[in-house]
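Colleague: For reference, the chains in residue letters:
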Amino acid sequence: MRLRTLLAFLALFFSPQLPAQTRASEIETERDRKSAQLTPESPTRSESLFGRLFQREKVDRMLGRVEGMRLAFGGGFTGSGFGLGADYELYNRARTMSFYGGVRGSIRKYYRFDAGLRFPYLLGGRGFASLDLQRIYAPRVEYYGPGNDSREENRTSYLLERNSIGGSLGVRLSRRLSIGLEGGGLGVNIGRGQNPDFPSIEQRFLPAVTPAVNEQPHHVLGGGFLHWDTRRNPGAPRTGQSFRAQYMQYHDVKLSRYSFRQFELDLQQYIPLFNERRVIALRGYGMLADPDHGNQIPFFLQPTFGGPRFGRGFHRFRYYDQNMLALTAEYRWEVASGLDMALFWDGGRVFHLAKDITLKNLQHSAGIGFRAHTREQMLVRIDAGFSREGVQVWLRFDNVF
Amino acid sequence: MAAFRQRFLAAVALAGALAHSANARKFYEDDPLERTPPPRYVKDVRFRPLNEVVDAVEQTLGRSPDPFRKARNVNTIDEVPDGEWFVNRHAVRRLTPRQLSAGAGLDAAPSETGSWEVTGWKEGKTPGFQFRDENGRTYYLKLDPPMYPELASSAEVLGSVFFHDMGYHVPQNYIVRFRPDQLQIGKGTTMPWGTGRTRPLTRVDVLTLLRNQPRDSQGRIRAAASLRLDGTPKGPFRYHGTRQDDPNDIVAHEHRRELRGLLIPASWLNHTDVNALNTLDMLVEEGGRRFLRHHLVDFGSILGSDNVAPKTPRAGFENLVERRPTLIQIFSLGAVVPDWARAKYPDMPSVGRFEADFFEPERWSPRYPVPAFAAGRADDWYWGLKLVLAFTEQDIREVVRRAEYTDPAATEWVVQTLVKRREKLARHYLGQVLSLDEFAISENRLSFRDTAAHNGFPRERALSYQWSRFDNDSERHTRVPGNGPDVPSALRDLPTGSYVSVLVKDGGGKELTAYFRRRADGWQWVGLERL
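Chains as they are written, first to last, in this note's numbering: chain V, 9 to 409; chain D, 106 to 636.
Hints were generated in silico from the structure; no laboratory data involved.
As the structure is a computational prediction, the values presented were derived from the model and not from experiment.
A hint or two may mislead.
Said to hold, decoys possible - List of simulated lysine to any residue pairs, SDA-like, C-alpha gap at most 25 Å: (1) D:525 to D:414; (2) D:148 to V:45; (3) V:363 to V:153; (4) D:449 to V:277; (5) V:42 to D:189; (6) D:227 to V:383; (7) V:42 to D:347; (8) D:227 to V:101; (9) D:227 to V:107; (10) D:131 to D:187; (11) V:42 to D:388; (12) D:449 to D:511; (13) D:148 to V:32; (14) D:227 to V:78; (15) D:227 to V:384; (16) D:227 to V:99; (17) D:615 to D:588; (18) D:227 to V:98; (19) D:175 to V:36; (20) D:131 to D:608.
What the hints assert, rightly or not - To list a few chain V residues with every Cβ distance to chain D over 12 Å, as calculated: (21) 110; (22) 115; (23) 123; (24) 161; (25) 191; (26) 231; (27) 261; (28) 279; (29) 300; (30) 316; (31) 337; (32) 362; (33) 365.
Every residue, glycine too, gets a C-beta built ideally from N, C-alpha and C.
Make the full structure from the sequences, and use the hints.
Modeller: What follows is the structure, given as structure tokens:
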């Protein structure tokens, strides 16, 4: 083939050259030359290599845009360390029901299993429902003792094995407002912490200060929620608001000593500036609990302050107690297409009795973060939080809020 | 051995080139060519796909082409001959108002009353489907984002009409309204299902896709329908290089005037998604010839639309990856607000983010670099500007009617924004060359059209003229006395076949040379060198 091409090339140039008489004939000569060198179109080496890597379907799958199996990053539990897994999602034809399942494992031997059914489009789009099963195995969850003044040097770890089944049923009263009911069952096993650098929880904390550290209640729970949501892209919002209130009753069906009510309020407001290239994001979060008479709230169901969501300058699960109040303010700015940065302040505290709610004695932390995102969702964020207890750096594959 | 072979081939090529150039003349009898010769018969061309990530990475990291070469496919009067890439339309041959609004055609709109047979399905970020109407024509249906009715469909239609009227090959796009019960599922139509599999498409799938779409009072959904192009698709064309299997593709695409000059219409219409992915080569057979025709397709990302949502305010101001602005944003901690972020946009979902006040022609850029734009020069941009200037406000209004905006204010906003952007383009690009065209010699006096003045942007010019006799074989100019627009007496009685040139200069250092050939019936304008 090469020889033939070369001969054609030589013949073309060494043939007696008549001056072109017209522009058209000049073009035809060029075409002759090209015709002698035709080869089938084939992708360049980089197109072949990267084309396989970045097939549209693969990219869409990575971003969760298509159904089926996809890679999942993260161990599925705060503190699990680097983790990987696989998620699977499949819709029915009408996309009124989906099945999902996921398995994840991490380098710290955390495991998580999820499965469930979702019904996002009931009653002609007015209703939605879900049924979820979950098992979490987290062998080295941190615990520092109860209260807003717990000490960092009292750090311990415990094993959390948590099995849950839950369901929800909701109605969209309008495009922005939805209400619903939730319920389920929860079984938790607490065991010896497996972090070799810190003592196990039972070595340092007694049941008197750490409820249910030595026994395993089983709960049946039920409640309801109300959600007002005007955010345009809830996965990576730049404008709008989300106000969510939830009430849950936890009934201890095994020991009858750990029944309580819990009220959760999550207020998020996004104030766009400069065509949404700057966003002031504000969040107020509260979780208030009220144990039944003579009952306590198991420490592992208590809210916590500290970690990648609340109090990013503190260790994860740094502060436990029956109630928690958290405030966050972020100034987010776009630095490039698909990349934002944020300066943030987190304040909050835990407290024992709901009536003691106050903005005094907040734990403060502040920091800076990078967020890579698409138009619809957060892909990855790196937040560095600073507090009086040092610096914490968080790599997460979710949005802070 | 390999090095010897390379040197040998280089020597052969050089010898050939020299032999060829020894025979070359500046002008041929058929200059200026108005149409490229009929295309060669194309025997076998493969479909060549293009990956969007690869294209974005290659163009972002790739080396820019040499920007100082003249476009290689222009004729001797610096215009693009009609051909398989471009056909001169409104800027050269004025279209009537009806032709203007028709774009690539108005006679093949899908029947809105009969049934539509769904014959294909598209998943992903911008889902849609392919259908056949009762006349047997095939279309691609593109939906609006539910939160922004009319946004993408208007862009899709306006893009095809404007680019067609300029001269590019585009599909016929229509605004359509249909009821879901018009849709029938074609036999054997499948859709992606799970991991790499397909399954039969059902009516439920179609209704699911449509369930969030807004309906009008008659229960109809509005969308854009794009008539399937004639021929067989062979993949997108690149904005650089040539196809290896097409004998007609002899000019590197980055050196094609219509691709270099496309920068200007693209910036006018805010077509930030102008890249190889939104092009399509079709293998067509016409008049016994089989050849590739090169199309621009997919205009859902022009004006204020980004297909699935309004454009980001960044669009048109910065590429996807820009080092300096990114570093400024990082190290200023967001204190430095880019000027484009302060732009004011109308609160009109059908318009999205489209405005003129912050539009800066010299700064406008597509989503990622386009090699042909990087190779462009002032003469290419001037050519592109003429395509835009051909549209008067009345013309623009005529075309924008095709968007069928429900809100008259949206129509007015788009029209006025296009008028303002056109003015800004004119003010910026007209000054970069000596913007004179349509040269002629009549009664021994040079005449031309001042493009700036003709379009309402008059400039003070003190023009000077330098006449020469021109030897077409040696390309030598022999100057003759005379510095006005009148042909000097020494040149008036030259024999037929003789050439003269006139160097025209303005006071600002811009100049051009026009060439004329003596014919029995007078002077023929045959050449123009602008830079």
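Colleague: Is the Cα-Cα distance between residue 227 of chain D and residue 101 of chain V 25 Å or less?
Modeller: holds, 15 Å
Colleague: For residue 449 of chain D and residue 511 of chain D, compute the direct alpha-carbon distance and say whether it is at most 25 Å.
Modeller: holds, 22 Å
Colleague: Per the stated criterion, does the least C-beta distance between residue 115 of chain V and chain D lie above 12 Å, as a non-interface residue requires?
Modeller: At about 27 Å from chain D, residue 115 of chain V clears the 12 Å cut-off, so the statement holds.
Colleague: Mind checking the alpha carbons of residue 449 of chain D and residue 277 of chain V for me, to see if they're no more than 25 Å apart?
Modeller: holds, 23 Å
Colleague: For a C-alpha distance cap of 25 Å, please report whether residue 615 of chain D and residue 588 of chain D respect it.
Modeller: holds, 16 Å
Colleague: Check the hint pairing residue 42 of chain V with residue 189 of chain D against an upper bound of 25 Å on the C-alpha distance.
Modeller: Holds, because 17 Å separates the two Cα atoms, which is no more than 25 Å.
Colleague: Mind checking the alpha carbons of residue 525 of chain D and residue 414 of chain D for me, to see if they're no more than 25 Å apart?
Modeller: Since the Cα atoms of residue 525 of chain D and residue 414 of chain D sit roughly 24 Å apart, the hinted pair holds (cutoff 25 Å).
Colleague: Examine each Cβ of chain D, and state whether all of them lie more than 12 Å from the Cβ of residue 279 of chain V.
Modeller: Residue 279 of chain V is indeed farther than 12 Å from all Cβ atoms of chain D, at 14 Å.
Colleague: Would you check the hint for residue 227 of chain D and residue 107 of chain V, treating anything up to 25 Å between C-alpha atoms as holding?
Modeller: Holds, at about 22 Å.
Colleague: Given the hinted pair residue 131 of chain D and residue 187 of chain D, is their alpha-carbon gap at most 25 Å?
Modeller: holds, 21 Å
Colleague: For the pair supplied as a hint, residue 227 of chain D and residue 78 of chain V, is the alpha-carbon distance within the 25 Å limit?
Modeller: Cα-Cα ~20 Å, so holds.
Colleague: Would you mind confirming whether the straight-line C-alpha gap from residue 227 of chain D to residue 384 of chain V stays at or under 25 Å?
Modeller: holds, 20 Å
Hint check: no violations occur; every hint is consistent with the structure.
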